Amino acid sequence: MTQEDQLSTHDLALLQLGRRLQADGYRFTTPTPLTHQRVNQRDEGQFADSLRDVFGWSRPFEPGLLSADEQQQLLEAQVIDKYEGHLKSRVRWSSLDDMLFVHSAFPTDAADSVFFGPDTYRFAQLIHAHLQQNFAPIHRAVDIGCGAGVGAILIARARREAQVLALDINPAALRLTTVNAALAEVANVEACNSDILQGVDGDFDLIVANPPYMADPAARAYRHGGGTLGAGLSLRIVEQALNRLTPGGSLVLYTGVAMVDGRDPFLDTVLPRLDESRFGWTYRELDPDVFGEELMNPGYQRVDRIAVVALTVTRIG
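Under the numbering used here, think of the first position of the sequence shown as 3, with each following residue one higher.
Since the hints were derived computationally from the structure, they do not count as laboratory data.
Since we're looking at a predicted model, the values are computed, not measured.
Be aware that one or more of the hints could be misleading.
Between beta-carbon pairs, the in silico distance windows are [said to hold, decoys possible]: (1) Glu46 to Ser69: 48 to 56 angstroms; (2) Glu86 to Ser52: 19 to 27 angstroms; (3) Asp277 to Glu46: 23 to 31 angstroms; (4) Arg304 to Pro139: 40 to 48 angstroms; (5) Gly201 to Asp291: 33 to 41 angstroms; (6) Gly27 to Gly319: 45 to 53 angstroms; (7) Gly250 to Pro65: 52 to 60 angstroms; (8) Asp99 to Asn299: 15 to 23 angstroms; (9) Val41 to Glu78: 28 to 36 angstroms; (10) Gly201 to Glu46: 39 to 47 angstroms; (11) Glu86 to Gln134: 46 to 54 angstroms; (12) Ser69 to Val262: 23 to 31 angstroms; (13) Arg54 to Arg286: 32 to 40 angstroms.
Think of the CB as a built atom: it goes at the ideal place given N, C-alpha and C, for glycine as much as any other residue.
Make a model of the complete structure from these sequences and hints.
Structural data, given as structure tokens:
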């Protein structure tokens, strides 16, 4: 059974839309939520006049922008909704390399929103770099908290012989990952429900993760990392992943850290787990200051800045 055969009628409509957008040469780079909000406010009241406005900027549009048949099909599939007398897409489409990925429309207020943004692009660059620098065979790989499936799909495209699992606790993420994998024409991705690695067996040659790392009062799945200042999920991933690596296997973790009083509390907590006789590792800041607006929120009063970091751990022997 192919991935396309596993799709519901609604998700098949999404796949067909993705193919149509690809054929039309659609491109959209998704910015941060704050940038997205500011751009739309700048053009407040403006209706979409292109598919990029509809499926990128999440702007309402008038009937007639799509053909009557396509509009009816997307309405029936709940891809678009009626909105204050107009129409609005429930999803966005973002481009990455030569691919398109479907994810939740802006604003991502729902608890089960599937997010794609600047972190996704940096995560993709990290995976590309790792695959280009490491030539060990990858038989089994896993993307923890897969979201739209970017990590899993990038690995699957680069290593066609690998079995790649895309794990998430969010059913919406698993659905959209399956659509995105079918659109990318990778047959070696399997989307599975799992809380980190608890729902799957065996060891892995490559484990990647781009978990949520904020302290989100609304506890949205794509955003809330839990624990102290959002670090809880990232720490759980490290704890579970280190024991599931094959000899020579690697964990590639992209996450954010709330720096407090000039210290990196995430690294301070992780270091004792990195036994030098078992693991080699690297750690670096990819961007020293992201999401500065979050420092105004409760809980961040003592935080200097939020940095995004990359931790790569390889099991020795």
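* Mind listing which of the numbered hints don't hold for this structure, in increasing order? => 1, 3, 8 and 12
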